[in-house]
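Q: The lines below spell out each chain.
There are 2 protein chains.
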Amino acid sequence: MNHPSRRDFLKGMGASAAALSIAGRPFSRRLAVAAVPTAAPQDEGGTKPMGYAVVGIGSLAMGEIMPALVKTKLSRLTGLVSGHPEKARHFAKTYGVPEKNIYNYENYDQIASNPDIDAVYIVLPNSMHAEYTIRGAKAGKHVLCEKPMCTSVKDAEAMIAACREARRRLMIAYRLHYEPYNLEAMKMCRERQFGPIRMIDAEFSFVIGDPTQWRLKHDLAGGGSLMDIGIYCLQATRYLSGEEPVSVYAEAWSSDPVKFKEVEETISFTLRFPSGLIANCHSSYGTDGLNRYRAGGPGGWVEMDPAYTYVGLVQRSYKEGKTTTTEPTTWDQFVAEIDAFSDAVNHDRDVITPGEEGLRDMKILMACYESVRTGKTVSLA
Amino acid sequence: MNHPSRRDFLKGMGASAAALSIAGRPFSRRLAVAAVPTAAPQDEGGTKPMGYAVVGIGSLAMGEIMPALVKTKLSRLTGLVSGHPEKARHFAKTYGVPEKNIYNYENYDQIASNPDIDAVYIVLPNSMHAEYTIRGAKAGKHVLCEKPMCTSVKDAEAMIAACREARRRLMIAYRLHYEPYNLEAMKMCRERQFGPIRMIDAEFSFVIGDPTQWRLKHDLAGGGSLMDIGIYCLQATRYLSGEEPVSVYAEAWSSDPVKFKEVEETISFTLRFPSGLIANCHSSYGTDGLNRYRAGGPGGWVEMDPAYTYVGLVQRSYKEGKTTTTEPTTWDQFVAEIDAFSDAVNHDRDVITPGEEGLRDMKILMACYESVRTGKTVSLA
Chain A
44 MNHPSRRDFL KGMGASAAAL SIAGRPFSRR LAVAAVPTAA PQDEGGTKPM
94 GYAVVGIGSL AMGEIMPALV KTKLSRLTGL VSGHPEKARH FAKTYGVPEK
144 NIYNYENYDQ IASNPDIDAV YIVLPNSMHA EYTIRGAKAG KHVLCEKPMC
194 TSVKDAEAMI AACREARRRL MIAYRLHYEP YNLEAMKMCR ERQFGPIRMI
244 DAEFSFVIGD PTQWRLKHDL AGGGSLMDIG IYCLQATRYL SGEEPVSVYA
294 EAWSSDPVKF KEVEETISFT LRFPSGLIAN CHSSYGTDGL NRYRAGGPGG
344 WVEMDPAYTY VGLVQRSYKE GKTTTTEPTT WDQFVAEIDA FSDAVNHDRD
394 VITPGEEGLR DMKILMACYE SVRTGKTVSL A
Chain B
44 MNHPSRRDFL KGMGASAAAL SIAGRPFSRR LAVAAVPTAA PQDEGGTKPM
94 GYAVVGIGSL AMGEIMPALV KTKLSRLTGL VSGHPEKARH FAKTYGVPEK
144 NIYNYENYDQ IASNPDIDAV YIVLPNSMHA EYTIRGAKAG KHVLCEKPMC
194 TSVKDAEAMI AACREARRRL MIAYRLHYEP YNLEAMKMCR ERQFGPIRMI
244 DAEFSFVIGD PTQWRLKHDL AGGGSLMDIG IYCLQATRYL SGEEPVSVYA
294 EAWSSDPVKF KEVEETISFT LRFPSGLIAN CHSSYGTDGL NRYRAGGPGG
344 WVEMDPAYTY VGLVQRSYKE GKTTTTEPTT WDQFVAEIDA FSDAVNHDRD
394 VITPGEEGLR DMKILMACYE SVRTGKTVSL A
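Quick note, the sequences are listed as chains A and B, same order. Numbering follows this note's numbering, in which position 178 of the first sequence is assigned residue number 221; successive positions increment by one, without gaps. Numbering follows this note's numbering, in which position 216 of the second sequence is assigned residue number 259; successive positions increment by one, without gaps.
A portion of the hints provided could be inaccurate.
Which copy is meant is left open, because identical chains are indistinguishable; a pair holds if it fits in one copy or across any two.
Here are the simulated SDA-like pairs of lysine to any residue, each with C-alpha atoms no more than 25 Å apart in a straight line [unchecked claim]: (1) K365 - G252; (2) K419 - S318; (3) K365 - G355; (4) K302 - N389; (5) K406 - T420; (6) K304 - G319; (7) K304 - G238; (8) K365 - D348; (9) K114 - I177; (10) K419 - M409; (11) K419 - F316; (12) K197 - I177; (13) K190 - A204; (14) K419 - P317; (15) K362 - P141; (16) K130 - E149; (17) K116 - K190; (18) K91 - N389; (19) K260 - G101; (20) K143 - E129; (21) K419 - E287; (22) K419 - G319.
Hints are computed from structural coordinates only; laboratory data are not their basis.
Based on the sequences and whatever the hints tell you, model everything.
A: Next comes the structure, spelled out in structure tokens:
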């Protein structure tokens with residue numbers, strides 16, 4: 044994994060005054076809907092910004108992604124794909140998207156002939172990621188797909204193959220790879236500023252609301268808190284250590300067997316890495332407000348708490364007996380992530396978090412569930 | 044486990060201005076040696092304070108326990124047991140202990156006929172705890188014994204039996220059961236101030252110094268970081284949840300096979316409790332400065348960081364969207380712990396952390412090592 048420097052990302056990242064809200068999703072920030080841009084943005088070189096069709100108008104698209112596409116420099120919202128025509132028309136009007144660029148799940152493939160749309164951003168329930176990525180690639184569009192990439196290793200492989208065949212880029216929306224404090228933490232660990240990393244502990248939890256939502260249905264989500272938020276802990280262990288785990292052990296439980304009939308509420312997993320390093324991870328849909336990781340070595344440690352929210356991230360590091368604490372973040376992670384994808388496509392460069400990165404996670408997530416089922420440590424070698 | 048209220052402990056607890064030092068042991072506080080008390084202290088009722096012989100003059104005895112015995116209200120230092128006569132004479136003089144009350148490991152049993160000595164405080168390497176507890180009880184003395192209680196379940200059982208037979212009290216020096224912030228955290232969790240506790244994560248690490256010290260020798264320590272500091276994480280999971288674990292899974296590793304030839308450097312263990320609760324624990328002799336636990340439920344969480352130091356403990360709790368942070372502690376945990384033992388003996392009351400409490404930990408610690416050896420989850424039922 045190669046990462047641009049912190050400075051590259053800080054550059055051009057507009058500070059947002061939006062406050063962190065804990066309501067609903069643990070990292071939500073409910074903004075008043077942004078105003079219609081008066082003119083299409085142009086990047087510094089005068090290149091036409093990449094046009095994105097957002098596929099799926101759920102809370103993430105409404106609260107974060109569409110508002111971010113107003114602030115991006117290299118990207119703009121040019122299409123919408125939704126099963127709800129009225130909702131689509133409402134947001135098309137709000138964001139200045141022509142009505143002709145609204146699609147539904149049946150006529151989605153017709154985006155192929157729409158030159159306004161260069162890429163699709165898949166923001167659907169997890170189990171739909173594969174189909175809409177593959178159809179998007181077949182329609183000749185680049186694909187930015189939310190995490191988790193999908194719900195099976197087989198689907199992840201099919202998504203990669205489809206994009207490769209169509210000669211289109213595939214990026215998984217691991218936004219923290221584009222977030223300065225996380226990049227700084229990676230750098231500290233990879234440069235061995237604390238010596239070799241010998242312990243990582245990561246936790247992410249929130250209390251899930253509406254018991255009828257798709258995240259609690261196995262067919263749509265592919266799993267419970269692990270797929271949705273445990274994946275952030277897994278990602279942190281991998282991007283901080285720079286290593287790939289060789290084994291995993293996991294245990295899961297649910298305090299409410301009715302609400303969590305189909306997917307796990309809480310899961311703990313222990314990863315072993317080639318250096319010997321052990322990482323403890325813990326995610327839950329039944330505990331409020333855990334949002335943290337810490338990586339340590341003989342020379343100290345770096346912590347993020349909160350680590351995974353959209354704004355308000357705080358980094359603490361400890362070295363030579365001194366603790367340093369940053370200000371909470373205010374920048375927009377989605378702006379950075381989306382423009383990073385546009386930039387890679389524009390310059391025909393590899394993306395930082397390609398499909399292969401998502402596939403690696405899918406293999407580990409599935410191994411976690413295998414460990415829960417068997418009660419045994421699962422080898423990833 | 045029954046615990047007195049926070050108020051009981053705050054009462055009469057002298058604040059210490061000593062600063063937290065990270066040098067050497069992770070929770071060390073190196074004080075100038077206290078002055079000789081000019082008169083023997085008396086408790087409020089005029090009862091003669093309990094006389095303690097400290098058995099083993101190592102860094103803990105020198106840095107914490109003997110200085111604490113100057114500040115205790117119900118307890119005072121009246122004897123010393125050491126293999127180093129000159130060191131013993133030096134500290135006898137410093138603390139006003141008569142020379143006749145100095146013993147060595149051979150004539151230790153003669154404390155039986157010394158009325159100045161009511162109790163022994165065992166501060167020896169772990170594997171010597173059993174012998175000196177049993178000989179102390181046989182000499183008719185009450186026994187306060189440092190943690191870990193010993194190095195095997197069999198020894199723990201023999202220690203309990205010996206004290207029962209001699210009709211003497213046995214207490215394991217789990218000082219955090221006598222520390223107000225930890226008591227407050229217990230109370231918050233047991234009273235379900237956050238709802239039922241659904242996640243606990245605990246870490247304790249420091250970089251161990253001198254490679255020749257007894258803590259790195261299996262015969263003396265009985266294990267590595269688990270026995271010395273992982274036990275604090277285990278204790279936290281038990282006293283916060285109020286439950287006894289039903290299974291444990293553990294993995295261990297050492298980055299330096301020479302320094303850690305006999306005992307583990309780093310160990311991760313996952314405990315499962317009857318309610319379903321999972322706790323992740325992590326201890327290391329190879330990582331600097333991790334010292335924390337957090338317990339959370341649907342209504343929020345309580346964290347201690349640092350959690351296990353002698354002074355400077357900080358509690359953060361999160362409830363109803365609000366985070367509360369305490370001032371760092373300044374009180375002397377050893378004063379509270381030792382006087383709690385004297386008080387229990389004086390009033391012929393059960394102690395809060397008896398031998399049975401230590402025995403429970405010994406069974407779990409040994410199960411951790413069994414899990415490391417076998418690679419399997421070990422049942423504790």
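Q: State for each hint whether it applies.
A: Verification of the supplied hints:
1. K365 - G252: between (40 Å within a copy, 20 Å between copies)
2. K419 - S318: both (21 Å within a copy, 21 Å between copies)
3. K365 - G355: both (23 Å within a copy, 15 Å between copies)
4. K302 - N389: neither (45 Å within a copy, 53 Å between copies)
5. K406 - T420: Answer is both: 14 Å inside a copy and 23 Å across each meet the 25 Å cutoff.
6. K304 - G319: between (36 Å within a copy, 15 Å between copies)
7. K304 - G238: Intra 44 Å, inter 21 Å, cutoff 25 Å: inter-copy only.
8. K365 - D348: both (18 Å within a copy, 15 Å between copies)
9. K114 - I177: Neither: 28 Å inside a copy, 73 Å across copies.
10. K419 - M409: both (13 Å within a copy, 20 Å between copies)
11. K419 - F316: both (17 Å within a copy, 18 Å between copies)
12. K197 - I177: within (13 Å within a copy, 63 Å between copies)
13. K190 - A204: within (18 Å within a copy, 58 Å between copies)
14. K419 - P317: both (19 Å within a copy, 20 Å between copies)
15. K362 - P141: neither (54 Å within a copy, 46 Å between copies)
16. K130 - E149: within (17 Å within a copy, 87 Å between copies)
17. K116 - K190: within (23 Å within a copy, 60 Å between copies)
18. K91 - N389: within (10 Å within a copy, 85 Å between copies)
19. K260 - G101: Within one copy, since 16 Å is at most 25 Å while 59 Å is not.
20. K143 - E129: within (14 Å within a copy, 94 Å between copies)
21. K419 - E287: both (19 Å within a copy, 22 Å between copies)
22. K419 - G319: both (19 Å within a copy, 18 Å between copies)
Of the numbered hints listed earlier, those contradicted by the structure are 4, 9 and 15.
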